[in-house]
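**Student:** As you go down the protein sequences, you meet chains A and B in turn.
Positions 1 to 781 (the working numbering) are the ones given, in order, by the first sequence.
Positions 1 to 47 (the working numbering) are the ones given, in order, by the second sequence.
It should be emphasised that the hints constitute simulated quantities derived from the structure, not laboratory data.
One should not assume that every hint holds.
Claimed, not checked - No farther apart than 27 Å at their CA atoms in a straight line, the calculated lysine-lysine pairs in the DSSO-like style are these:
| hint | chain 1 | residue 1 | chain 2 | residue 2 |
| --- | --- | --- | --- | --- |
| 1 | A | K218 | A | K229 |
| 2 | B | K24 | A | K557 |
| 3 | A | K717 | B | K25 |
| 4 | B | K24 | A | K717 |
| 5 | A | K419 | A | K209 |
| 6 | B | K26 | A | K39 |
| 7 | A | K47 | A | K151 |
| 8 | B | K24 | A | K39 |
| 9 | A | K596 | A | K717 |
| 10 | B | K24 | A | K161 |
| 11 | A | K163 | A | K145 |
| 12 | A | K39 | B | K25 |
| 13 | B | K26 | A | K596 |
| 14 | A | K39 | A | K165 |
| 15 | A | K559 | A | K778 |
| 16 | A | K724 | B | K25 |
| 17 | A | K233 | A | K208 |
| 18 | A | K260 | B | K24 |
| 19 | A | K233 | A | K39 |
Said to hold, decoys possible - With the C-beta cut set under 8 Å, the calculated list includes, among others, these residues of chain B facing chain A:
| hint | residue |
| --- | --- |
| 20 | T3 |
| 21 | I5 |
| 22 | V11 |
| 23 | V14 |
| 24 | A17 |
| 25 | I21 |
| 26 | I22 |
Where is the CB? At the ideal position from N, CA and C, for every residue including glycine.
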Amino acid sequence: MIRIALVGNPNSGKTTLFNALTGSNQFVGNWPGVTVEKKEGTYRSDKNVGITDLPGIYSLSPYTLEEVVARNYLINENPDAVLNIVDGTNLERNLYLTTQLAELGLPMVVAVNMMDVVAKQGDKIDTKRLAAELGCPVVEISALKGTGIEKAVAEAVQAVKKKVKMVSPHSFSGCVEHAIAHIEEAVLHDMPDEKQRWYAVKLFERDKKVQEALKIDKSVLEHIESDIKACEKELDDDAESIITNERYTYIASIIGGCYKKKNVGKLSTTDKIDRVVTNRWLALPIFALVMWLVYYVAMVTIGTAATDWTNDNLFGDGYHLFGIGGSAYEAAAEEYGDTAEILGAAEAGEKTYVTIDDETMEVSDPIEITDDMVAEAKAMEEKYGEEGPDPADYGVWVPGIPALIEKGLDAVECADWLKGLVLDGIVAGVGAVLGFVPQMLVLFLFLAFLESCGYMARIAFILDRIFRRFGLSGKSFIPMLVGVGCGVPGIMACRTIESERDRRMTIMTTTFIPCGAKVPFIALVSGAIFGGSAWVATSAYFIGIGAIICSGIILKKTKMFSGDPAPFVMELPAYHWPTVGNVLRSMWERGWSFIKKAGTIILLSTIFVWFFSFFGWTEGGFGMLEEDQLDSSILAKLGSAIAWIFAPLGWGNWQATVASITGLVAKENIVGTMGILYGGEETWTNMSQAFNHLSGMSFLIFNLLCAPCFAAMGAIKREMNSGKWTAFAITYQCVAAYIVGLIVYQLGMAFTGSFGIGTVFGAAALVFVVYMLFRKDKYRI
Amino acid sequence: MGTLIVLAVVVAIVAAAIVSIIRKKKSGGCGCGCSGCTKSCSQRKLD
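Generate the whole structure from the sequences, applying the supplied hints.
**Tutor:** As structure tokens, this is what we get:
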């Protein structure tokens, strides 16, 4: 099998090319660090050709994890050919890596990507001349559009079959070449000729990892060191800088002859957009507006409409297919009106009756009953029956899943306890979570668009400016951006932070940003308690960012975490319209993952919750409980034992406590548990009665900021590599969540005129936080 | 009889869920099953 390695800078289009060549679906993001590990596949048109997608790297220097992974693969696993993807809109920066790859001695083909963008900008690249200068084939491609990619692979395969040995055409200055020749002779004479160059240059740069790998004798190292020092003295610079400068001089000479820019010195479209989007005053308001819009559409308009339909119809009583018969049924229901209430009150001898709103449970003012009303009600009862009009009698009625399952269970005479498990446990719990699939899909669609077009990369840049004022670095925000999808890779992405202290602090605070698993919970609170307000969802992200900033300020003033912020350099990719395929693929992958999780972890959790909430001790002994006896359940007893801890936060009831605890298994479980404990279809209504705005916000904040799920805790443990630090991180998160929830609820109550001992604690907590934020930093120089 | 059939179905679904979770854990993933996972969970430390 022929093995081809895809190598290139981040955002050069390697993964897009890999997807196009192999047909695998890979996640394409627009910031470095999304794919740290290499990916492998086979070429669609020839199964004898294997393709390896290496991490995006800027050079083969051993500073970052990505560079070491890619380098180790190229040196140790010796691919048959290297396909170097170069961003045609950024040739100069990308060719730096090319000059290093050329020294490896491996057959190489350079694929100049994004040629469609180059053409659009009116620029020209003379690829023939570039090929002559680089000493290897150069192919024009557009990985996004799929043009030229077969030719690029064909050239690589040809190079392998012809056994082409790549020889770098670049020569360094005299004393450098002299030193390199000495190094080759002294250390590398046993190595194949084509491999010697790269090792010699690395030894010249004093690359520690190469020195260790070659196990060079101390006396030999001292011998070559004298040559290196002589060169440094002659050129008045250190070895690594000499090599870097000479490479860029060589690249500039190539670019001059091969690359013709149309608008020299003029701003590109990306630059013009960035002048607004990354403007020091407009950046944050624009970010807030963008996130609000995303959540408004996902959670309030399209998403909520779809979720309401799903919850009320698919997971409710049912619906009329394509609306056939719907209007006739509604007319009949309207005609039937308050018949049941009138007749019920009249039979009880009452002179008035009341109605209860199904959604809000609001009770109307008493309405006087007249003889005419009773007569009409009796006529309606005769016409439609005691229960009123049956929707199944009109048009095409499709029963909801719970109704269908209940019918099926009744038909086989299933035992009550098992019927309860299936309907009140599994269907209620899993159904509550699945009801949010439409909102999640819309949200994932927008997030995929923002990631693919290049905007999300700007957010780290925007926040770096703010973070730096508080002793933090925007580099710490990259893992948090990754954590928006899932906290586990977000925590793992902290490895890119060199400073031990900053890395630990970032690991501790990464999960403050709401991950994908928390979105259904945010949507539930937003819908059930806040009437579907888009600001609740948007505020969840800003609460997370605020918690990160405040944590950073507070922790940086402690001995454990003090120190200057790390410098932050990142490449902002050019804006481009994402492909529909990539965006939809990303949306579907995340959506399907969410559905699978509902069918596994959440399913098991709902069974556990059902059992412990529907079984308990009553006067008759231990047994299954009715819906109005849940307060006697095992879960209620356990939950009540610790629910008092959360009373100062405004939600000291066992249901909310238990839901928070089940959230440690998976954050989606909070929704599933609420669905079981608050009565399936009636969840939103019952929740709106159990929480007010303040306690709802406190509940939201606590679960957003407290310890993450078990998988994320496991990731924290692995990355911290210390039980003590892991315990500290989890404790910090829980305490921070508790304090913020306490302040919000207690001071919120005080503002509405309710004072108590809790107000004192809330005020004390606020004073403590303010003091920690503004106290003098004795460790800052 | 009906109860037994339904119970068998529920047990089969639960068993399938457990097997799925174990398989995913064994295949090298982090086991998070998160919907937003970027599939970079199988990173390993170099040294």
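**Student:** Each hint needs a verdict: does it hold in this structure or not?
**Tutor:** Hint-by-hint comparison with the structure:
no.	hint	verdict
1	A/K218 with A/K229	holds, 16 Å
2	B/K24 with A/K557	violated, 42 Å
3	A/K717 with B/K25	holds, 17 Å
4	B/K24 with A/K717	holds, 20 Å
5	A/K419 with A/K209	violated, 64 Å
6	B/K26 with A/K39	holds, 19 Å
7	A/K47 with A/K151	holds, 16 Å
8	B/K24 with A/K39	holds, 18 Å
9	A/K596 with A/K717	holds, 26 Å
10	B/K24 with A/K161	violated, 40 Å
11	A/K163 with A/K145	violated, 31 Å
12	A/K39 with B/K25	holds, 19 Å
13	B/K26 with A/K596	holds, 17 Å
14	A/K39 with A/K165	holds, 25 Å
15	A/K559 with A/K778	holds, 9 Å
16	A/K724 with B/K25	holds, 25 Å
17	A/K233 with A/K208	holds, 21 Å
18	A/K260 with B/K24	violated, 51 Å
19	A/K233 with A/K39	violated, 44 Å
20	T3	holds, 4 Å
21	I5	holds, 6 Å
22	V11	violated, 11 Å
23	V14	holds, 7 Å
24	A17	holds, 4 Å
25	I21	holds, 5 Å
26	I22	violated, 10 Å
Comparing the model with each earlier hint shows violations of hints 2, 5, 10, 11, 18, 19, 22 and 26; every other hint is respected.
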